[in-house]
Amino acid sequence: MVSPRTQARRYAALALYQWRLTGEDPMAIKRHMLDDPDWLDAVSASLQGIDEDEALASAHRFRFNLELFEQLLAGVPERIEPIDAQLTRFLDRPIEQVDPVELAILRIGAFEILFSAAIPDGVAINEAVELTKLLGAHEGHKYVNGVLDKIARHQAVARRAAERPDGDG
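Be aware that the sequence shown starts at 1, since it is given in the UniProt record's numbering, and climbs by one per residue.
Because the hints were derived from the structure by calculation, they are not lab data.
Keep in mind that this is a model prediction, so the values were computed, not measured.
C-beta atoms are modelled at their ideal positions from N, C-alpha and C, and glycine is treated no differently.
Hints should not be assumed to be uniformly reliable.
[Claimed, not checked] Quick list of simulated restraints, FRET-style, between CB atoms:
hint	residue 1	residue 2	range
1	Pro94	Asp36	30 to 40 Å
2	Gly146	Arg79	35 to 45 Å
3	Glu81	Ala28	40 to 50 Å
4	Asp25	His138	31 to 41 Å
5	Pro165	Ala42	53 to 63 Å
6	Asp25	Glu139	30 to 40 Å
7	Leu66	Val123	18 to 28 Å
8	Asp38	Arg160	17 to 27 Å
Given these sequences and hints, build the entire structure.
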């Protein structure tokens, strides 16, 4: 069974992918997703590997953390410049050449590492890797892992430097 937070990240990745491709307002995408429960059920079934002809059990329907979903849909676009700046530092190609699904996942992972202190970096990276295994290109999870690990290491060094008293270091 997929946790509600994991499912929220899955939906957020799909919404942010759509945002990148269409330029549509992320909140409009969210409304569309929430206003069409049949479509959301179909996406949920697909992501969970449930045959589309099988009826979804009530435990599988619409089971996700709405707060996290909304936080990601609002936070990633709001902080896209610092997120993309950090990603660009550690990508091996221009950001425009990154697979759009993997870029959505990288942005979610980077957002959680950079701006969500309550989420441990390891959790953010692991969630992004698992999401890439599900939605990304073959072996794309290795790329996502490497980029997010570098961002997390860089942030850890920056945090330690910021915590040092003046004059030390």
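Taking the hints in turn, this is what the structure says about them:
1. Pro94 - Asp36: 30 to 40 Å: holds (35 Å)
2. Gly146 - Arg79: 35 to 45 Å: violated (22 Å)
3. Glu81 - Ala28: 40 to 50 Å: violated (21 Å)
4. Asp25 - His138: 31 to 41 Å: holds (32 Å)
5. Pro165 - Ala42: 53 to 63 Å: holds (55 Å)
6. Asp25 - Glu139: 30 to 40 Å: At 33 Å between Cβs, range holds.
7. Leu66 - Val123: 18 to 28 Å: Hint holds: Cβ distance 19 Å, inside 18 to 28 Å.
8. Asp38 - Arg160: 17 to 27 Å: violated (49 Å)
In terms of the numbered hints stated before, the structure departs from hints 2, 3 and 8, listed from lowest to highest.
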